[in-house]
Every structure is written in C-alpha cells, then in structure tokens.
Amino acid sequence: MSQDIFVIIEHLRGQVSEISFVMLAGARQLSKSTGGNVTAILLGQKAQGLASNLAADKVLYMDHPALAEFTSNAYELAVVGLIKENSPRAVLLGHSSIGMDIVGGLSVKLGLPIVSSCRSFTTDGKYVSQICGGKIMVEGELPGPTALVTMVPGVYKAEQGQGTQAPALTIVPAPALDGLRVSIKQYIEPDTSDVDITKETMLVSVGRGIQNKDNIELANELAAALACAVSASRPVVDQGWLATTRLVGKSGKKVKPKIYLALGISGAPEHVEGMGESGAIIAINTDPNAPIFNIAKYGTTIDMFDLIPVLTDKVKQAK
Amino acid sequence: MKIAVPVKFVPDLVEELNIDPSGTALDTAWLRLIINEFDDHAVEQAILLKEKGGGQVTVMTIESEGADDFLFAAAAKGTDQLIKLTGDFSNVNNHGLARAYADILKELQPDLILTGVQAHNDLDGSVGPLLAEQLGLPYVGYVAGVSISGDKVIARKEYSGGLVAEVEIKLPAVLGIQASEQPPRYIAYSKIRQVMGTAKIEEKPVAALDLSGGTAVSRMFQPEVSQRANMLEGGADEVADKLVAIFKELGTL
Amino acid sequence: MEITLSPLEPSVSKTFLASLMGLENGERIRTCLQCGTCSGVCPFGYIMKFPPGKMIGALRSEFFDQVIKSDSVWMCVSCNACSAFCPSNIPITAALMTRAKEEMLLAGNVPSELQSALENTQRYGNPLGESPRKRADWTIGLQPEVNLLAKTRQPVDVLWYVGDYASYHSRMQSATKALAKILNLLGIKFGILGPEEYSDGDSQRLAGERGLFEMMAQKNGQIFRRYKFNEIITTDPHAFNALKNEYPSLGIAYPVKHYTQFLYERIEQIKPLLKNEIKARVAYHDPCYLGRVNGIFDEPRNILKAIPGVELVEMTHQRLNSLCCGGGGGGMWLDGFQWEKAHTRLSEWRVREAVAAGAEILAVGCPYEPPRFEDAIKTIQNAGQLKVREIAELLAQAMDL
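Residue numbers (the numbering used here), protein chains in the order written: chain A, 4 to 322; chain B, 35 to 287; chain C, 362 to 762.
FYI, nobody ran anything at the bench for these hints, they're computed from the structure. Treat the numbers as computed from the prediction; the structure is a model and nothing was measured. Heads up, none of these hints are tricks.
Computed cross-link-like contacts, DSS-like style, restricted to lysine-lysine with a CA-CA straight-line distance of at most 25 Å:
#1 B:Lys-186 / A:Lys-188
#2 C:Lys-495 / A:Lys-138
#3 A:Lys-202 / B:Lys-282
#4 A:Lys-261 / B:Lys-282
#5 A:Lys-112 / B:Lys-140
#6 B:Lys-276 / A:Lys-261
#7 C:Lys-640 / C:Lys-538
#8 A:Lys-317 / C:Lys-748
Reference excerpt, derived from the structure (chain A facing chain C, CB under 8 Å, subset only):
#9 Gln-214
#10 Asn-215
#11 Lys-216
#12 Asp-217
#13 Asn-218
#14 Gln-242
#15 Thr-289
#16 Asp-306
#17 Phe-308
#18 Pro-312
Yeah, the Cβ is synthetic: ideal placement off N, Cα and C, and Gly gets one too.
Using the sequences and the accompanying hints, generate a full structural model.
This is the structure we're talking about:
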C-alpha cells in the first residue's frame, strides 16, 4: 500500500496527448495531500522517448509489440498487474477514448472504485467532478483503497504537467499479451481537404440553436464578412449539417482562436474541452442559464436570428 | 446474430436541476428522466445492423419513468425482445446496473452488446466497460460505425482531432456507441400505440443492487460562477454595434 | 431525399385509396375532374413533383408509391387553398394531404426538424421543447395576476386557451400579455391552464401525426373537465380550428371563439376605450385557419377599422385566397426543408404584397405569423419600414395599456 499517484500516460502516433500532462498536474496537486510520489505509467514499443518531458517523480515503462498501438484489451492486461503489485492511493486515467476504455475493466478485475469526470482535487484531497452537461458539481472523499479517477481538462493546465528534465525511468516486465481479442486494422486520417479550423484566428461556431441546415447560411455569411471559418458542436455535425472537419470538441478538434463566437451552443463539457482555451469566447444563447456564460468573456441572450443578419451588415460596413 | 442493447435513463436537462435538502443528491420532486442520448443511438445502430444482416435485437432497461414508452418505441423500430428489470431502484449506480444487466445477459448469450459510450450523469465510470468485464468480454468505446464480418466486428473508434481507428474485435463483444450511422429514426405515435397492443415487455425481478465500486458524495452543488460573462444588453442594433467594437478591439476586424 | 424509381406497387395505391374512403367526404376524391385548379392555387404547386391534382392522378393510375417515395408532400403547408377552390368539393387538405403525410411518417420519411418538433410535443407537450413548468412564465410581473385555474380553482366565464407559441415564443409573449391586459380592462372573468395546458395538436395532426394529435386532445380534454367555464377563447386560429372542428369527434366539445371574434362581440364597449390614434395604413393578413377554413374575415377587419387613424388596405391575395405565411400545418417545422427546395419563403411573398399595397403595418391574428413575417422583412429590400403587429398589440396600443 502506498500513497503514490499513478498516471496512465496516453499517446497516439508518437505524441503524448494533452490530457496526460493535465493529469500529471492534477496528480502533483493530489500527491501534496496524500504525501506520495507521482508515477507515470508509460506503455508502448520503443516509446521511452515519450517520457522526456513528463513532470513525474518516476516513470514505469513497459515495452511490448502488443502495446505499440492502444487497444483496450492489451492496456488493461498490462496495467492490472502494476496496480495490484503497487497498490497506489489513486490511478489517474484520461476521461477519453483511451482511459474510459479501460477503467471499467480495471475496476471490476481489481474490485476498485471509480470516480469519473474529475476536474480537480481540493487541498484536503477530495475529488471535484462535473456532471449533467456541466450543470452539477460533485465533491467527495477519495474512495479507497485505490481510487480509479478519470480526469477531464479545465482546471489544470498542460504546461503544469510538463517537466524540463526527463524523470527516472524503470523498465518493468510486460505480462503475457497473447490471444488478444482486440486489434487495430488501420487508422483513418482526418480529412485535410477542408479548412483547418485550428489555424483560424476567429471562428463562428454553431450549435443546436441553429435549428436546421438552412440557417447555417446565416453563419456562413457572417463568417465570410469576418473572413473566417464556420465550426460546430457535435449535434450539428451528427445531423450532417456540417462536415466532421468542422467539429470542435472532445471528439473533434481543439481550437484556440482569438475570438470564438458561439451561436446557440450551450457549453457542455465535451464541447468546452475543444474551445475552452480560446482568447475570448462570445456567447449568443437565449438561455441565460447556459453553462457557456460561465466561461465566456462576453454574452448576450438576444435571439441569434435577430442578431446575425444585423451584425453581418455592420461588419461589412465597418471593413 | 443476437444483439442486446442495455439502456438507462438520465435527468432531463430541459428542466432545472435542483439539489435536495441533504445536499448530496438531485431533488427528485421535479426531476424528469429521459433516455440517455447515446443509448438511443445504440438502439438505432442495433436496428441498422439487423436491417443489414438479419438477426434479433433485445433492448433492456430498469423500471423507470419513461421506460415502457421507450421500449414500445424500440419495438416499433424493429426490436424483437423487450426486457424490463423490476425491483428497488431508488439507489442506483453504474456498477450496480452493470451487475444486474450481466445476470440477464449471461442467460441471453448475445453475440454483440451495444450500449451508449457514456451518460451525462455518470459518476462511477460508464456502464459498457463494467458490463463487459462482468461478462468477461472485450470492450471498445467511442464507436461511430459498426460492421459485422463473420465472427468479428469492425468498429470505427473515434479519437480527438478527427482521427479514427478501425478496430477488429472477436465476438462476443461489447461496444460503447458514440453515434449511430444514422440519427435515431422517427416513429409515428400511432405506430407506437399499435405496438403497445401487440408487443410484450418481459419483466424480470432483480434482487437488491450491489453498488460497490461507486463512491460517496459529500456535496453536490451548482457551479459557482466566479467570472460570469459581461452581458451585452439592448436590441439587435445595439448589441451588433458593441460586437463590432469588440472585434476591432481584439484585432480581428 | 431522392426519388428512386422501382417497380410500381399498385397495392400501395389501392390501400391508400381505401383508407381515404373512411374519412369525412373522402369518397369525393373519386369525383376529381383533373381540372388542375388545386395545383394552380397551391402556393408551392409549381415546385412539387406531385402537386395535389397530380397526386390524385397518381392514386387513380396506381403509382401512388412514387408519391410516397418522393418528398413532394412535405412542401404542403396545409393552407387549404386547394380544398377551398376545388369545384368537386374534395377535402384535399384534410383527407388527401394529411393522410399522405401520415404515410410518409409511417415510412420514416420525415425531415429532421419536423421530427424534433413531433418528439418534443410527445415529451414536453409543446413542439418547442420547452419545460411544461414554464408555460405560464409569460404572466410573471403582470398586474393584476393572471388567474391560473390550478391555483385558484374558481369558476370563470372564459377559459383562455393560450397555446404553444403564444406562451413560449419570446416575440409572441408581448402580444399575449397585451391580450391579458385587454381582457382585464374589459372586466372579463377569465382563467388560463398554464402548465396543465398541452399543445392543441392541430399542426401536428396536419403534419401527419394523427396519433399524437389524439393524445394531446385527450390530455387537454381531461384538464378541461376539471374546471367550470362557459366558453373557450384561443389566441391562435389553429387551436380555434382544433377545438371547434376536431375535438368534438373525440367527445370534447365546448363553445369556442378566436379572440378576435370574442373582442368584436364587445366592440361597442371597446370603442370608447381606444384613446390613442394609430395613424397608419394597415394591411390585414387573413390567417388560413381563421379565414379560409372557418370563414371569419370581417370581425378582425372591423376591429382594426375601429381604431382611430387606421386606414385599412387590402393586399392582392385576401380573404378566401389569402396567401399562407407558411407556418401552419407543420410548415413552421419544415422551413429549412422547404427553403432548400424552393429558395423562397411564402412569408417573403406575403411581405412583398404588403409593401406593394402601401401598408405601413401588417396586422396578423396568429402567433406563427409575427416571427415569420419579421424574419422575411429583414431579407426584403424596401420592406424595412414595415411593422408586424398582432391585433391584440394594436388594440393595447390604442387603449394605452
């Protein structure tokens, strides 16, 4: 039994994902109240190099061909033994396509409790999670003996989890990883033929409030007047009203434009993950209780269908 | 091909959410429940697979507000078997649900289990992976695209940034659905009413749920707004003028 | 949605035709002269692959399955122009178009916007997806307090059935409040249902959801039975139509008037209260379900003429051949779909007519209309000065409320 905090590092195609650094920052904060070390768990094949800027006290690295690409099956089997042997106080995983694929299996295999959607830890070591589309916050004691915690970005910054010195790395033996039932056939690259919204200095973004495909024309006209691009939240893309290349959010692109103009977007966490670090968020939403107003710099509850045509005209005149 | 879809109901966010007097849970007085959107997609995906390759679809849920309506609507879409778990569900978490569903599914022995990748009220992980492990089955989540190939299923797994991995999984398996290949279809109310007369919901009583694996809540609250947006007042003209000024100030115009 | 050619299925036509026979006057469809009047007077007839006349032709020639596969039917706004002008008195809208839309829904051929409106109605009792608890929020701040029957349980003279858009739509709430003030000034003892009120269901019925309509009607009927009142008035011609013409066959029958009829009955009491002049040329738009379908043309006009300063002008399409705003019968929820096909909106056509008639104010009597016409005004050059006002708003202005 230790008071250490494990962080399961996520990486794809040779790059450590941002959530990993966010988790390291969170682990550092948590370790202050548990009084243990921050240990990064890195799995892969010939991937030691990825540990170079992890802000951890030490790294446990497992090398195996079956770990070259992430698959839930292999990662779960690899991590299970490490947790059993070391009994850390907590294991942090990303609330992501990687972390969420394995945390459930680990919980049941090891009989350990899960805390999900965790945004931060308090100074006395409690977890603080955010649920119900961002409308409800939950706080509680970190369960024992080992808490499996999935983390979302929003409080800790990636920079806080990056170190200047490569931490001490120990190679640990991998368990038998054969007879795996999950394998990757191929990766499908994101479409690069369309506009790259991550490169825009301003974005006009539409959410459910746009109501139908036809109204997107309004957003297009405004974006044209502002010489920028149109992006969208998940519901708009799921309906097929805009291509997936325009999707901003957890499962889409992460953007940091100078101005993010959010039209009819409520501000659910999955979307905020993709644009929360924009320079200035300007939110137009008729619901005064929409969570987006908590992160926006400017806001208005005026109906976007009244505002947009007028705004487009004035922008054209101002140029 | 036997496909099972366990679903759950979550607080409807159209209504205002209030905290109950204990300060640790949602006030149920005005709480309305709605199907977890991702589970709705899972049902649609199951029906699409049945339409493409034949098979049998079973949808199951626990007794809850809206459960019967949802099951009948699922039947109207083409679901073959409807199961409702009955018992005391005043205290539920995903670990408990997963165990209860696992018991039923062990008897049912489906080839493929589809369920929503998550639900907005999840606090102890999501049901899919917990269920998979209870059944000793492999799990892949964030799936938006499923096809069956012999004794394997090919799933399109989504990562952030638009990257997609084509993952092959040996059946039987559990998939966490992010989005169905087509948005959930509309069912005319008259069709649902028709089905209410013919479809049968099998009720399966379950013992008290084993909730271990969840975690205690010491405080539930609405986010404190430390820095709310600077709200722009006025009509369309005035607000538009203010926005143009902001665009100029921030250097994008 | 593309039309895919496939082997003709005569059975579809036969079954559909048989289903029409059971509807009121449905058998008249056999007397169609194929004169084409319906297709000609239909505001979107020129765009439909199967305008009404051709639909009947397809039915007779047994290729109706082609009609169901196309998306023509969703261009219909249920304005009733075809039925009004048919020389054989075939109830084209009520029987054929509505039934055809039912088939489209059953086949799963439904535009997503309409799908949301229908799902919202089923779930929240209103197509806007608003919380039922907030249905009477428009009354907050009004003095004297509006009588919520669930709270006071008093018998009243008038049950005011407010309706979905009048209750929830931000633009329409000002008109709804205006009407409340007018009723108070006239000393009318009225009450509203607030959160207990469900959508009247008429537009959903016209969009093909007969089952959903019946569910809404039954729920409203149960609520009506709880309270004591002498008559019902509605803000909305669609609710008026439903309560007057459709609900009775479901066993829910009450005397009902549209608010303009109700106020016109009291015009002599109102006239001395009209203190403010509204000096303007006013064009009155006949709502489809008040005018064409239910024959009420004069009462609203007479109310407007009573307002000092008002000069009533008539648009090209008026009274029986008034031009639909495109909102009713599900049109409100097919806007995006219809725009993609037509690249024009009926509301824009109507606004142009108002401008051509020299109107300064476009007066309306239905909550679907102000948002639609005000949107249209923004896109029509020379229409910028045209104002859209609900009759209640004009009266309240004249009464200094």
